[in-house]
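If you're matching them up, the sequences are chains A and B in order.
Residue numbers for the first sequence, in the working numbering: 1 to 701.
Residue numbers for the second sequence, in the working numbering: 1 to 701.
Please keep in mind that the hints were generated in silico from the structure rather than gathered at the bench.
All values reported here derive from a predicted model rather than from experimental measurement.
Hints are supplied without guarantee of correctness; some may be wrong.
DMTMM-like cross-link-like pairs, simulated, lysine to aspartate or glutamate; straight-line CA separation at most 20 Å [stated by the list, open to error]: (1) B/471 <-> A/382; (2) B/358 <-> B/132; (3) A/471 <-> B/424; (4) B/471 <-> A/424; (5) A/291 <-> B/330; (6) B/471 <-> A/429; (7) B/291 <-> A/424; (8) A/327 <-> B/132; (9) A/471 <-> B/382.
There are 2 protein chains.
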Amino acid sequence: MKRLVCMLLCLAAFGMAEAQRLTSPDGGLSLDFHLSPDGVPVYSLRYKGKTVIGESRMGFRIAPDYEFDRGFEQTDVRFSETDSVWQPVWGQYRDIRDRHKEMCVALCQPSTGWLLNIRFRLFDDGLGFRYEFPVQKDLRNFTLKEEMTEFRLTGDHKAFWLPGDYDTNEYPTTTSRLSEVASLIDSVRTEPLAVRSFTPNLAVQTPLMLKSSDGLYINVHEAALVDYPAMQLNLDDKAFCLSAHLTPDKNGAKGFMQTGSVTPWRTVIVSDDARDILASNVILNLNEPCKLEDTSWIHPVKYVGVWWEYFTGQGSTWAYTANQDIKIGETDYSKEIPNGTHGANTAHVKEYIDFAAKHGFDAVLVEGWNEGWEANFAYVKERIYSFTKPYPDFDVEELHRYAAERGVKIIMHHETTSSVSDYERQMEDAFRFMADHGYDAVKTGYVGPIIPRSEHHDGQWMVNHYLRVVKTAARYKVMVNSHEAVRPTGLCRTYPNWIAQESARGTEFESFKGNRPDHTTILPFTRLMGGPMDYTPGIFEGDLSVYGSNKARLSTTLAKQLALYVTMHSPLQMAADLYTNYEKYPDAFQFIKDVATDWDDTYILEAEPGDYVTIARKAKGKNEWYVGGITDENAREAEIDLSFLPEGKRFQATIYADGKKADWRTAPKDYVISSRKVDGKTVLKQRLAPGGGVAVSIKEL
Amino acid sequence: MKRLVCMLLCLAAFGMAEAQRLTSPDGGLSLDFHLSPDGVPVYSLRYKGKTVIGESRMGFRIAPDYEFDRGFEQTDVRFSETDSVWQPVWGQYRDIRDRHKEMCVALCQPSTGWLLNIRFRLFDDGLGFRYEFPVQKDLRNFTLKEEMTEFRLTGDHKAFWLPGDYDTNEYPTTTSRLSEVASLIDSVRTEPLAVRSFTPNLAVQTPLMLKSSDGLYINVHEAALVDYPAMQLNLDDKAFCLSAHLTPDKNGAKGFMQTGSVTPWRTVIVSDDARDILASNVILNLNEPCKLEDTSWIHPVKYVGVWWEYFTGQGSTWAYTANQDIKIGETDYSKEIPNGTHGANTAHVKEYIDFAAKHGFDAVLVEGWNEGWEANFAYVKERIYSFTKPYPDFDVEELHRYAAERGVKIIMHHETTSSVSDYERQMEDAFRFMADHGYDAVKTGYVGPIIPRSEHHDGQWMVNHYLRVVKTAARYKVMVNSHEAVRPTGLCRTYPNWIAQESARGTEFESFKGNRPDHTTILPFTRLMGGPMDYTPGIFEGDLSVYGSNKARLSTTLAKQLALYVTMHSPLQMAADLYTNYEKYPDAFQFIKDVATDWDDTYILEAEPGDYVTIARKAKGKNEWYVGGITDENAREAEIDLSFLPEGKRFQATIYADGKKADWRTAPKDYVISSRKVDGKTVLKQRLAPGGGVAVSIKEL
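Throw the hints in and build the complete structure from the sequences for me.
Now the structure itself:
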């Protein structure tokens, strides 16, 4: 009967199956949709008259072998528009405008009676579209074999890409033409990472940043990834066509769906000015409004921590003993022999608390506080850690008291080593333990392959897990900073306690000689499109050989480390170096102490992916501005136009710049600090060294 | 260094690498062990001079490709013996004697430095041996590729077998020669079951019952299956050699091990008298003593329940609505339209409570009480049920009050539909909910394929899950009756709140026309070797066509249904039929009301697997005895020798026998009840109809 209704609807709607066009509010973007003669949904996107996405297919394959990407008829189409302003709990802007036009196309596949809606939203700076599976009679629970969405590009664009991989986003970014990906990808994939699961075919990850030969900047990603696998992009490097490649589970199933659900939004952000990409709020706007009733407990966090010492090669260890035969729940650690190198001991943590209190930091991260680090072998072992039992030399009660007296929080650490099934078993107790001991933030970690062993980091099961952690944390008023989780898609709007993520190659790779000077000029165009990153900048001592056998040197100057606090947006910012190094450079450290972590406004002053980024931001609720400018391996002159400053007022600018000899290879610590008066007419011209940067703080006089 | 020590030990021990022999306390069994010239561990077993197990290999393959089954040298061997008596919390015997001799062989593989111990225990009625992985320097966490244990039989024995399968024990048992398995197995595997995962090669399950041409009864199973996959048995039907085939995960990994651990015991129970197999306590004796400090809350349970009506075809449903689009956590059931057929409604459950109270039953099982049954699609859906939210028409508070007033418990039901990851998330809340509402027993269910989707019912991950449930339940003083879980291995000794399991083809298959008349004459020799079964006997109305369209008829007479309460040991026994049927046959029902569920002693009077079983038992702490005798499709005369009765006393026996016309096919309800005085010299000769049985209650005069 339902099938008949559908067919009748299809027939009734036959006259409607014309091509549909949607135009962005300012008219710059236009989206065309039609059904092909075979009933295949097809869309295309133009920007200022230029094709961005050529005619591209849409739809699904459903297991075991249903073609839900053709034979459709259009039964309805509805248009609407929105223009509203909302305020995030934290972010780059106090006010975010959501101005878009919407078109929702209702489709029916008469051969099955199945229904599918496609909803398009067109903003001035980009497109979002998603699929919707309405509740219907003949389709209910089904398994996705693949999403067939294409993004058909117009040429051999320059791409900033990571290899397609189901388990990690920690590859270095490669910059090449699309036609060069195939010849480069095998070499990139030799990168030693804790876990790698290559896509079987040629594919890259999102957010994918592209630049066309005629100067279009195009960013492809997704928004609101909920109960669905993350999307990789197959690359047809002859047709320059990208197509969705959903992360499967290890049995090959892509997604387990129930009707009455929607997919994430597929996003295409586009401009002829690279700065517009960084300024875009399309991804946040496509996410649902905040679902937490009370957000008063969510706040930006600037922190230090027992962390970098584990990477420097100086011998500090997460583990408390040398006994690798420990078994959580059986081993009595009070009877174990300490190894003498355990970093997270009470006395040492107190030093960090003292430093944090003295310099106005909110919190101290402590890794290695809990039982299990001796034998945290990824994958083979399921019960790795206790999340409620501290090591004998970590006095959780005393440290809570000591920190609270000094107005400092301790940040909890939940490294799971990807034994997620066991973490989920302990999770409620773990968060209760945190609430009982005054913690309001947790850093989670997912190093290594996932247990359950059917799952990948970026598959639907894990996507649900990460959000489950965030929701559980919210019940305990805990903020979450997830590392090695699926890359973000703007969900921090909906769950603003998801305060930051890693999900890319962070500063820790500097200790493995792993980051190139252009790395942080790319990340804002790729990883950061989905949300803030806990990049952990602020390393002043860039030559790790001072500590011991580690010969790594940072790929940046010290001044660039300061600039990252502005260019790498995050409400959670670490001063990652050993505190003793900050004590050696108190003048440079002053910038880290001063810089804000939450903003009223953001001004993208200069930007070219892979080359340079210069950003200014106004501190939230204060007449203070901070500027960060960075460059790649090439020196350049940054032009910092201060016209964003209020008219008719004078300001004091403190400029933390590369010194004359500064160079990331030879003189990274050559910096110079100067002061000058500025106003809205000032344009600072600031030389950046190779691998260098500049940081500026501006306060009202 | 350790490797050197090992080698030195090996050299020092060179003279010891002679064959070792262990003899059972009564001398009837002898076990030989030696290392082959290639250093392969080899054992063999003889019974009264006859070979039971010929020379059979032992050891492991370790991933990715280590041969840990050869190249061994013997470094030590130790002998010991035990003779002690222990008392189970419940069971077939008040006192159980554990009398065995033990030999532990320490092996070293000089090429790797790895150590392995093999511990043998020889009882008068059987052998147990297990592998032990001591804590050592060069082996710590490893993945089992296979266990190489062989059981080399002496000929083409008659076997009572289930096809090797990683996910179900619900096949009917096939009786054939080993050489016939290959030609029969494909047909058996067509059995429609909720989930089937065939072994890729020819294999059968344990407990495997065998009978040799020269009259030896041999049972192969395992004891104390903890943190290890269940063992299937590969069948080489030319050499008549069985070999271990551990249940893998879906990636092919067999077990994730850490040294400082042991495998389950491999058991071979053997006798020339079939009755000795049923009387054996080898498997219980090989399990660890009770680990629960307080067992006062554990008690036998005789129960009725809202259950059989779901199978009869009369239209009662687990589901509350017809809406299959429900989503747990989103759907507001109070707004759903009831389907009018929901079984677990308050009024109907009260009828069962009234019946239970009137007839002295301990408890009422209620299935279908909780949200989610409308759309419990196995596998595609992970969040299927709430385990804390009752349907709107199931008033949990009122029923708790109503039942408690009448001295009756309600048995909780946790059907997971094998969405185990979600069950584990809810488990703590679920058991707290039970404790808060007066439940002290739960029936768990695992219908369909497992989520996490890497796992099988019988793999290591699930083995750990089942025990996790039992341990969690114990914290809440809850007894567990697990259905569709891995078959038991005597763990009810260690965790006596694991009061019963299904793990075989139970009475529910009678409603699918699925059980043959010989079924329950085999189960005591196979499934029940590991522990009690919730077989749910007591169906008086064996013709389901009386309810509607279901044409199934039971494969037993009514008298045999009574006898099963004695022959199928379980401290948890259901009177499974609709209570209205018991009201029609109050005289026969009296036996179910009377029969004990816990025992001081057990007397196996007659037994031949596949043909007949006659068992008498003394009720725990009472001078009451109950006898059950059953036969297969052939009529026979049971000889019930009452010499177990105390001397010099007289007793009243009530005999529930097949009537003269009784036959499972034509007159299943023809029964006759008689009374007579008996004493220890009485031998009852009782005719059993085809598919029939006899039940006797004996009370002191």
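Results of checking the hints against the structure:
no.: 1; hint: B/471 <-> A/382; result: holds, 18 Å
no.: 2; hint: B/358 <-> B/132; result: violated, 53 Å
no.: 3; hint: A/471 <-> B/424; result: holds, 17 Å
no.: 4; hint: B/471 <-> A/424; result: holds, 17 Å
no.: 5; hint: A/291 <-> B/330; result: holds, 15 Å
no.: 6; hint: B/471 <-> A/429; result: holds, 17 Å
no.: 7; hint: B/291 <-> A/424; result: violated, 26 Å
no.: 8; hint: A/327 <-> B/132; result: holds, 16 Å
no.: 9; hint: A/471 <-> B/382; result: holds, 18 Å
Hints 2 and 7, counting from the list given before, are not met by this structure.
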